[in-house]
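Colleague: Build the full structure now, drawing on both the sequences and the hints.
Note that the sequence shown covers residues 1 to 69 in my numbering.
Please keep in mind that the hints were generated in silico from the structure rather than gathered at the bench.
Honestly, I wouldn't trust all of these hints.
Unchecked claim - Computed Cβ-Cβ distance ranges for the label pairs, DEER-style: (1) GLY61 - ARG10: 15 to 25 Å; (2) GLU45 - ASN25: 34 to 44 Å; (3) LEU24 - SER57: 12 to 22 Å; (4) ARG8 - GLY60: 14 to 24 Å; (5) TYR9 - ALA37: 18 to 28 Å; (6) VAL54 - LYS15: 32 to 42 Å; (7) ASN41 - LYS15: 29 to 39 Å; (8) ALA12 - LEU55: 16 to 26 Å; (9) ASN25 - ASP46: 30 to 40 Å; (10) LEU55 - ALA2: 27 to 37 Å; (11) ALA2 - GLY47: 13 to 23 Å; (12) ALA12 - LEU39: 28 to 38 Å; (13) VAL21 - PRO52: 24 to 34 Å; (14) TYR58 - GLU14: 16 to 26 Å.
Glycine included, C-beta positions come from ideal geometry on N, C-alpha and C.
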Amino acid sequence: QARRMEARYRPAGEKQAPRYVHTLNGSGTAVGRCLIAVLENYQQEDGSVAIPEVLQSYMGGLKSIGGRG
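Modeller: Here is the structure:
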């Protein structure tokens with residue numbers, strides 16, 4: 001699933017190539033569609049993505065990810 005979605009991450013402070021995320025079977029939800037909905041609805045002007053408040057605890061308290069610069 002991660003390969004088909006091209007969902008990757010790069011650990012903070014590392015300069016290696018991005019790694020594929022680990023996924024579990026998401027048969028109960030359309031995981032890809034849910035991810036796209038968050039990206040489309042929470043993308044900011046600078047390209048970052050605001051993390052919805054209800055998901056921040058799952059993201060280690062992060063309020064946003066990415067962005068230019």
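Colleague: If a hint holds in the structure, say so; if it doesn't, say that too.
Modeller: A quick look at each hint next to the structure:
{"no.": "1", "hint": "GLY61 - ARG10: 15 to 25 Å", "verdict": "holds, 19 Å"}
{"no.": "2", "hint": "GLU45 - ASN25: 34 to 44 Å", "verdict": "holds, 36 Å"}
{"no.": "3", "hint": "LEU24 - SER57: 12 to 22 Å", "verdict": "holds, 18 Å"}
{"no.": "4", "hint": "ARG8 - GLY60: 14 to 24 Å", "verdict": "holds, 18 Å"}
{"no.": "5", "hint": "TYR9 - ALA37: 18 to 28 Å", "verdict": "holds, 19 Å"}
{"no.": "6", "hint": "VAL54 - LYS15: 32 to 42 Å", "verdict": "holds, 33 Å"}
{"no.": "7", "hint": "ASN41 - LYS15: 29 to 39 Å", "verdict": "holds, 32 Å"}
{"no.": "8", "hint": "ALA12 - LEU55: 16 to 26 Å", "verdict": "holds, 19 Å"}
{"no.": "9", "hint": "ASN25 - ASP46: 30 to 40 Å", "verdict": "holds, 34 Å"}
{"no.": "10", "hint": "LEU55 - ALA2: 27 to 37 Å", "verdict": "violated, 18 Å"}
{"no.": "11", "hint": "ALA2 - GLY47: 13 to 23 Å", "verdict": "holds, 22 Å"}
{"no.": "12", "hint": "ALA12 - LEU39: 28 to 38 Å", "verdict": "violated, 20 Å"}
{"no.": "13", "hint": "VAL21 - PRO52: 24 to 34 Å", "verdict": "violated, 19 Å"}
{"no.": "14", "hint": "TYR58 - GLU14: 16 to 26 Å", "verdict": "holds, 22 Å"}
In terms of the numbered hints stated before, the structure departs from hints 10, 12, 13, listed from lowest to highest.
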